[in-house]
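Start from chain A and add chains B and C according to the hints.
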Amino acid sequence: MELLKKMQSIFSPSGEEESMRNFLIKYISENKKNWKKKPKLIYGEEFQNCLILVFGKPRCAIFSHIDSIGFTVGYDNELLRLGGPIVENGIKLFGEDSQGKINTKIIYNKKTKKITCDFKRKIDRGTNLVFQSNWKETENYIQNCYMDNRLGVWNALKIAENLLHGILVFSCWEETGGGSVGYLGKYIYEKYNIKQALISDVTWVTKGIKFGKGTVVSARDSGIPRRSFIKKIINILSANDLTFQIEVESSGGSDGNQLQKSPFPFDWCFIGPAEKHVHSPKEKVNKKDIFYNQKVYEILMKKL
Amino acid sequence: MELLKKMQSIFSPSGEEESMRNFLIKYISENKKNWKKKPKLIYGEEFQNCLILVFGKPRCAIFSHIDSIGFTVGYDNELLRLGGPIVENGIKLFGEDSQGKINTKIIYNKKTKKITCDFKRKIDRGTNLVFQSNWKETENYIQNCYMDNRLGVWNALKIAENLLHGILVFSCWEETGGGSVGYLGKYIYEKYNIKQALISDVTWVTKGIKFGKGTVVSARDSGIPRRSFIKKIINILSANDLTFQIEVESSGGSDGNQLQKSPFPFDWCFIGPAEKHVHSPKEKVNKKDIFYNQKVYEILMKKL
Amino acid sequence: MELLKKMQSIFSPSGEEESMRNFLIKYISENKKNWKKKPKLIYGEEFQNCLILVFGKPRCAIFSHIDSIGFTVGYDNELLRLGGPIVENGIKLFGEDSQGKINTKIIYNKKTKKITCDFKRKIDRGTNLVFQSNWKETENYIQNCYMDNRLGVWNALKIAENLLHGILVFSCWEETGGGSVGYLGKYIYEKYNIKQALISDVTWVTKGIKFGKGTVVSARDSGIPRRSFIKKIINILSANDLTFQIEVESSGGSDGNQLQKSPFPFDWCFIGPAEKHVHSPKEKVNKKDIFYNQKVYEILMKKL
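Protein chains in written order, with my numbering: chain A, 1 to 304; chain B, 1 to 304; chain C, 1 to 304.
Hints are computed from structural coordinates only; laboratory data are not their basis.
Don't take each hint at face value.
Copies of one chain are not kept apart here, so a pair can be met inside one copy or by any two copies together.
[Unchecked claim] In silico lysine to any residue, SDA-like type, Cα no more than 20 Å apart, as pairs:
| no. | residue 1 | residue 2 |
| --- | --- | --- |
| 1 | Lys-191 | Glu-45 |
| 2 | Lys-231 | Lys-288 |
| 3 | Lys-282 | Ile-299 |
| 4 | Lys-282 | Gln-132 |
| 5 | Lys-191 | Phe-47 |
| 6 | Lys-38 | Met-1 |
| 7 | Lys-207 | Thr-116 |
| 8 | Lys-33 | Leu-3 |
| 9 | Lys-282 | Gln-99 |
| 10 | Lys-186 | Glu-45 |
| 11 | Lys-186 | Phe-47 |
| 12 | Lys-113 | Gln-132 |
| 13 | Lys-191 | Glu-46 |
| 14 | Lys-186 | Glu-46 |
| 15 | Lys-210 | Asp-124 |
| 16 | Lys-6 | Ser-133 |
| 17 | Lys-113 | Ser-250 |
Extracted from the complex, chain A is given alone in its bound form (with noise of 0.2 Å):
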């Protein structure tokens, strides 16, 4: 698990992903030699901080987002949300603008709902700050900042070791509405005519999804996939005696929606752990249902 809790010490707010796609790079240029098959790596001012491993003859996409949560200094070192990190006092955070690298603590006024920072020094306008990593791991469990989703980033690093034919899609922007699946998913299938997609993330537990049951194969939260699609996921899960749970939820939402509003005619599923503490820096995940999970994405990467 070093790799993850590596991961999870990058900066990478939303829009400003920079650090995470180059540390990716590095990592899988000298990794890859020890991978089943080595991937074509697609990336540059096209794909602005976003990466794309092609494996083989492709038939299926892994999307994994590389931004995260945070929060962007406005006025007077207020802090303005960067998606929807939870707030509370004295969570640390950590970013760097022109005068310097900036360690802080959140001042939360529960009254005025106003959110500021102890720092010092006025910081630049604009700048980025995001959770300090606080790896904790137990027998059964791990916890940590950006499990959302350097996890869902990480098992798709775990799949590329033996993946023979696939996409990996490392995306940008999810925490805040999107802004890079759309060019992605038109590219994978205009060049290679991929019509499925996996949603590589993190989700929560609910009064039905609980820890330790396996991985969870989502039927559709506020984006609706096509029935078939996930039908087709749970008879090979099913097929396999895999163990997974299913998600049915109203709320909350992914790539996949992305996906969904794109002009290209994608079939995507959510599939993902599910943990507790969501947005905060304390995300709390089940160790069973990561490994659950990589059995769940190496099988679909085979069947579909």
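Quick look at chains B and C alone, frame taken from chain A:
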């Protein structure tokens, strides 16, 4: 009206429209020999559950969505809205899961807002349920579930009988925020240079829109079509002495909104009869308005 | 400022921008002989009411929307908001329907929230009405309706005079959720490989943004541009000692949001002067900010 009645009992919730699509393909294959012009049928995996008919040298398309509102079964037979159905105790639903056919009724707790059903066993998570058909007809009115939008589909099929030049698009996911109009619009724009669309759907009786006063031409709702296209339509209809009403609303939407959001320069106009008891199992429409609606579509497909 | 004043009295509500588009075509045709470089004019049915000017070998585009907020006449002279205009008793509006020209005033019932007008006869349903122009000028300020966005358009036309390489895009429907930026972005991306856009529009005076302190470079609003593009712009402006203010907001939006949602990899940044009395007939702007704004655009179109 037997065709309309039959279509209202076909299971076709948003994202699971295969039965309606297959019914249409069968109906068209059997009936097109009696049509003035044989259309080209376009469907398949590139079009998910949608269907396109191309007649002659098209200049204008009719969009009618084949999906319907309904409910998705969540945890312990709880029901989640699929689109915006009204909810009342006792409303009859049907569907099917891995264990067989389902006929059940809504149980609605007004206090907790919880919606469940009275089915004895646990229904598979993610199963969709839709209203049961209950056709009622008087001299002037018909009443049933899914006027929205089997009536719009029926209208398109009637227009098909005499259509020489035009495109009929049968779209999906209209009730849940879209997902097919983007690529459908892309296809007809890029392949046939179509930039004009009529939205064949059903709207609401309001203080400005009355039963029996003609089909409704919408000048706007939450979506704002190009004014010159609306004027062009009104001018054609006035010059041909057709009976219609002009709607002006600030809420509501249709496949027109999806065309508006697509990266293609579509002009669009919503045209369809008004109903009472919107999104309930007893949507009520005036027969004269249905008749007027056909006349309006007939002339517009010739003149636009 | 005669040009700006003139444009503020042109009828151009969202979806009905033909007069503004035609005015621009005429103005450009008459004036381009005095410009450093003659642009290529692109318009017509593929572009609805929009207009594109291409100068030399473009690397960056300026988007300025030519539509305005206003009202649509509903049933019995009731008025529905088109976009988000403020509403007050006595605000003067104008328009035209099939029976002739319309000059009228808003009647607003604060209790019922009903908006009507004092016009004597019934106005055609669907007719759009806009604010009447009432130019006020002092030494430091100008005030009128539709600074938003005739000032952004005016800025683009001033930049045109000396522009060697670049694209000017005049877009529609900005005030009502979009509808043209998708295909405009598609065109300039596919034909000219343009991926950089400046949004020439008007923003708000807030606690962090003051009159006379320079034009506003927005680091974010409801839309989140790529941070590296914002930094690039700030670096260019700082290196050239230009006067500007950095805005950081969580609400508000522009054509930038539409570019962000398009399936093309656009970098974009909102740049424009701040105003008071937003979306009213008396939008107020500081003259120095207008001057600073032009300097900023001039340098950016050279350096980006």
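message: Output the indices of the hints that this structure fails to meet, ascending.
response: Per hint list: 2, 3, 6, 9, 12 violated.
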